[in-house]
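Fit chain B to the supplied structure of chain A, relying on the hints for placement.
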Amino acid sequence: DSGVTQTPKHLITATGQRVTLRCSPRSGDLSVYWYQQSLDQGLQFLIQYYNGEERAKGNILERFSAQQFPDLHSELNLSSLELGDSALYFCASSVGGLTGEQYFGPGTRLTVT
Amino acid sequence: GESVGLHLPTLSVQEGDNSIINCAYSNSASDYFIWYKQESGKGPQFIIDIRSNMDKRQGQRVTVLLNKTVKHLSLQIAATQPGDSAVYFCAERFGQGNLIFGKGTKLSVKP
Numbered sequence: 010d011s012g013v014t015q016t017p018k019h020l021i022t023a024t025g026q027r028v029t030l031r032c033s034p035r036s037g038d039l040s041v042y043w044y045q046q047s048l049d050q051g052l053q054f055l056i057q058y059y060n061g062e063e064r065a066k067g068n069i070l071e072r073f074s075a076q077q078f079p080d081l082h083s084e085l086n087l088s089s090l091e092l093g094d095s096a097l098y099f100c101a102s103s104v105g106g107l108t109g110e111q112y113f114g115p116g117t118r119l120t121v122t
Numbered sequence: 558g559e560s561v562g563l564h565l566p567t568l569s570v571q572e573g574d575n576s577i578i579n580c581a582y583s584n585s586a587s588d589y590f591i592w593y594k595q596e597s598g599k600g601p602q603f604i605i606d607i608r609s610n611m612d613k614r615q616g617q618r619v620t621v622l623l624n625k626t627v628k629h630l631s632l633q634i635a636a637t638q639p640g641d642s643a644v645y646f647c648a649e650r651f652g653q654g655n656l657i658f659g660k661g662t663k664l665s666v667k668p
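Those sequence lines, one after another, are chains A and B.
Numbers in the working numbering are just positions in the first sequence, counted from 1, shifted up by 9.
Numbers in the working numbering are just positions in the second sequence, counted from 1, shifted up by 557.
Keep in mind the hints are simulated off the structure, nothing from the lab.
Being a predicted model, the structure only gives us computed values, none of them experimental.
Please note that a few of the clues may not be correct.
What the hints assert, rightly or not - Derived lysine-lysine pairs resembling DSS-like cross-links, with alpha carbons at most 25 Å apart:
#1 B/Lys628 to B/Lys660
#2 B/Lys667 to B/Lys599
#3 B/Lys663 to B/Lys599
#4 B/Lys599 to B/Lys628
#5 B/Lys625 to B/Lys613
#6 B/Lys613 to B/Lys663
#7 A/Lys18 to B/Lys599
#8 A/Lys18 to B/Lys628
#9 B/Lys663 to B/Lys625
#10 A/Lys66 to B/Lys663
#11 A/Lys18 to B/Lys667
#12 B/Lys625 to B/Lys667
With the rest of the complex left out, here is chain A (with noise of 0.2 Å):
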């Protein structure tokens, strides 16, 4: 147990949707970080969080945006949701703001109909 985590578990929402991933990182760690694994993809870095304040963008569609608020936790939004957003959807979390040692969250695996 890597002391992140994530909810839901699974979602299974249909095209034109918008939901919700939130996440928990580990008490002490100031960063989160989100990424998409789908299944011809690699983990692909979305966006960090430092301390409430966004620090790095990766891959990130316009139409996913995320936060971090004053407790930590994290919340990944996607809207206009389209079958290719199908994917497992990782946060990690680090002490710091640099991408040292990150701990991964279990993932919520998206599945859009």
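Showing chain B alone in chain A's frame:
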């Protein structure tokens, strides 16, 4: 469990043998590298890391080798066990940038 990839390179080894998983990284200026293990249905788990000023680092049953000349990273697992069966990812970082993950290699251990 859930599949993380349909077309991953696969390494099949006999239980008790040593395994070597290879990774070619992309940026010659990358200064930090990590190996992650991902079991079916779980998130990636940190195994070992190495900085670019080193060429070898050892952990418990694992060794990472770094060859900067050819931008190559390898993970050696000694006395491979069935519990080592998983997908292994290498990741690289350049400066303050974020980690870039490789596609992964699936390790299958035969009893």
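Against the structure, the hints come out as follows:
1. With a CA separation close to 16 Å, the supplied pair B/Lys628 and B/Lys660 stays within the 25 Å bound.
2. Taking the CA atoms of B/Lys667 and B/Lys599, the gap is near 21 Å; set against the 25 Å cutoff, the hint holds.
3. Of the pairs offered as hints, the one joining B/Lys663 and B/Lys599 holds, with about 14 Å between alpha carbons and a cut-off of 25 Å not exceeded.
4. For a cut-off of 25 Å, the pair hint linking B/Lys599 to B/Lys628 is broken: about 29 Å separates their Cα positions.
5. Annotation: proposed proximity of B/Lys625 to B/Lys613 holds, straight-line Cα distance about 11 Å (limit 25 Å).
6. At roughly 23 Å between alpha-carbon atoms, B/Lys613 and B/Lys663 fall within 25 Å of each other, so this suggested pair holds.
7. At roughly 11 Å between alpha-carbon atoms, A/Lys18 and B/Lys599 fall within 25 Å of each other, so this suggested pair holds.
8. Pair hint A/Lys18 plus B/Lys628 does not hold up; C-alpha atoms about 37 Å apart against a cutoff of 25 Å.
9. Proposed proximity of B/Lys663 and B/Lys625 is supported: the alpha carbons are some 24 Å apart, at most 25 Å.
10. Among the hinted pairs, A/Lys66 with B/Lys663 is inconsistent with the structure: their alpha-carbon atoms are about 28 Å apart, more than 25 Å.
11. Between A/Lys18 and B/Lys667, the direct Cα distance comes to roughly 30 Å. Violation of the 25 Å bound is thereby established for this hinted pair.
12. Distance hint between B/Lys625 and B/Lys667 is unfulfilled; the C-alpha atoms sit about 32 Å from each other, more than 25 Å.
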